[in-house]
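Residue numbers (numbering that gives the first Met the number 0): 0 to 404.
Note that these hints are calculated values from the structure, not bench results.
Since we're looking at a predicted model, the values are computed, not measured.
This list has only true hints and no planted wrong ones.
Taking lysine to aspartate or glutamate and the DMTMM-like style, the derived pairs with C-alpha atoms no more than 25 angstroms apart in a straight line are:
| id | residue 1 | residue 2 |
| --- | --- | --- |
| 1 | Lys109 | Glu339 |
| 2 | Lys164 | Asp125 |
| 3 | Lys109 | Glu141 |
| 4 | Lys318 | Glu62 |
| 5 | Lys240 | Asp175 |
| 6 | Lys48 | Asp58 |
| 7 | Lys313 | Glu64 |
| 8 | Lys321 | Asp306 |
| 9 | Lys219 | Asp175 |
| 10 | Lys321 | Asp290 |
| 11 | Lys48 | Glu62 |
| 12 | Lys258 | Asp338 |
| 13 | Lys396 | Glu312 |
| 14 | Lys220 | Asp104 |
| 15 | Lys396 | Asp175 |
| 16 | Lys48 | Glu339 |
| 17 | Lys258 | Glu62 |
| 18 | Lys190 | Glu241 |
| 19 | Lys113 | Glu64 |
| 20 | Lys190 | Asp175 |
| 21 | Lys390 | Asp338 |
| 22 | Lys318 | Glu64 |
| 23 | Lys111 | Asp47 |
| 24 | Lys396 | Asp338 |
| 25 | Lys313 | Glu216 |
| 26 | Lys318 | Glu334 |
| 27 | Lys48 | Asp16 |
| 28 | Lys113 | Glu62 |
| 29 | Lys390 | Glu368 |
| 30 | Lys321 | Asp104 |
| 31 | Lys396 | Glu363 |
| 32 | Lys396 | Glu192 |
| 33 | Lys190 | Asp233 |
| 34 | Lys352 | Glu241 |
| 35 | Lys111 | Glu62 |
| 36 | Lys396 | Asp173 |
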Amino acid sequence: MALIVQKYGGTSVATTDRIKAVADRVARYHRNGDQVVVVVSAMSGVTDKLIGMARSMTDMPAEREMDMLLATGEQTTIALTAMALHSLNIPAASLTGAQAGITTDGVHSKAKIKNITPAQAHSLLDQGNVVIVAGFQGRTSEGQITTLGRGGSDLTAIAMAAALKADLCQIYTDVDGVYSADPRIVATARKMESISYDEMLELASSGAKVMQSRSVEFAKKFGVVFEVRSSLNDNPGTTVKESSPDMENVVVRGVSLDKNQAKVTLLNVPDHPGVAASIFQPLSAAAVNVDMIVQNVSHEDGLPVTDLSFTVEKTDLTKAQKVLNDLQQSIGFAEMTTDESICKLSVVGVGMKSHSGVAARLFEVLSTEKVNILMISTSEIKISVVIECSKGEAALKSTHAAFVG
0 MALIVQKYGG TSVATTDRIK AVADRVARYH RNGDQVVVVV SAMSGVTDKL
50 IGMARSMTDM PAEREMDMLL ATGEQTTIAL TAMALHSLNI PAASLTGAQA
100 GITTDGVHSK AKIKNITPAQ AHSLLDQGNV VIVAGFQGRT SEGQITTLGR
150 GGSDLTAIAM AAALKADLCQ IYTDVDGVYS ADPRIVATAR KMESISYDEM
200 LELASSGAKV MQSRSVEFAK KFGVVFEVRS SLNDNPGTTV KESSPDMENV
250 VVRGVSLDKN QAKVTLLNVP DHPGVAASIF QPLSAAAVNV DMIVQNVSHE
300 DGLPVTDLSF TVEKTDLTKA QKVLNDLQQS IGFAEMTTDE SICKLSVVGV
350 GMKSHSGVAA RLFEVLSTEK VNILMISTSE IKISVVIECS KGEAALKSTH
400 AAFVG
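Please work from the sequences and hints to get the whole structure.
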């Protein structure tokens with residue numbers, strides 16, 4: 000008998016028929032004698048619909064109230080999934096994130112998990128139940144409902160697997176596993192049998208939609224090996240685990256394109272110590288994640304100034320603009336401009352640690368495609384460039400062809 004955590008994303012539970020199909024799959028594991036914890040997302044489209052309803056009330060909904068609203072999406076799914084299992088004569092009990100013992104910090108809309116006390120889940124499992132947990136949500140120690148950010152159900156599943164010491168963690172989605180690029184854009188994308196935590200983390204943080212990056216980071220920290228596979232068939236998926244020496248034989252494991260990016264540029268920022276901190280600390284306090292940063296130093300009337308550009312997620316742009324508008328007078332920059340017509344192209348592979356020439360080849364590919372590079376950032380196993388999004392998909396296909404085939 001194994002203890003298995005399974006996570007089903009929004010497309011896997013998009014309709015009542017798909018929820019019934021999920022219940023059929025879960026029932027097979029239960030009848031084989033396994034203990035099963037199921038983590039579910041909101042039904043596909045529900046979260047966006049709730050966000051739209053909130054914004055019909057106000058342009059800037061309070062984040063506390065947004066968490067209260069959005070948490071209802073997953074709670075609908077857990078109840079329906081439990082009902083579907085009951086119809087198959089499988090004992091099942093649904094739990095909200097709070098009932099599952101998930102305690103978070105107090106950062107609404109992007110809360111971090113501080114602790115999980117899975118006593119109630121253990122008790123229900125011992126009584127023979129399938130336990131269905133609402134993904135994407137938790138509760139602060141003061142009792143406030145919080146959400147974990149888009150894709151937070153992945154994090155719920157990985158964290159529950161770690162807390163329960165599960166034998167197996169399966170992340171079910173609408174694709175067969177992790178591909179070398181988005182197969183919906185690149186027809187020649189290849190499914191990988193396995194991928195390292197570090198590669199998966201870089202791909203997830205670079206726009207690959209298969210996993211939330213924080214969930215991969217959590218899995219690496221606690222050693223949770225998991226499999227990404229399709230809920231629509233029984234094909235083997237992709238195992239995500241610690242890297243092994245043979246993985247370095249592949250220079251580039253995958254290529255990703257992140258369209259959820261916006262560039263912010265502050266013009267004529269006074270160039271003296273402490274200015275960068277006075278800009279980025281308030282953004283951090285507002286839970287705005289800054290990705291790539293570029294600074295160009297010049298002189299204005301004999302005084303050193305700089306143009307400072309950085310990228311944020313499009314969903315954080317309005318919040319970032321508000322923070323920076325409030326800072327303009329105290330910092331003294333001349334103007335702020337924004338650009339939402341960009342995207343981030345990344346190539347990732349642990350083999351880049353021991354192979355040279357990847358950057359040069361990437362730049363050559365983009366030059367051939369007449370794609371202008373606006374920003375560049377690198378890590379030990381990743382190179383990312385910001386480009387015009389109108390050329391993003393063509394650049395992705397050409398880059399994949401050059402590095403993966």
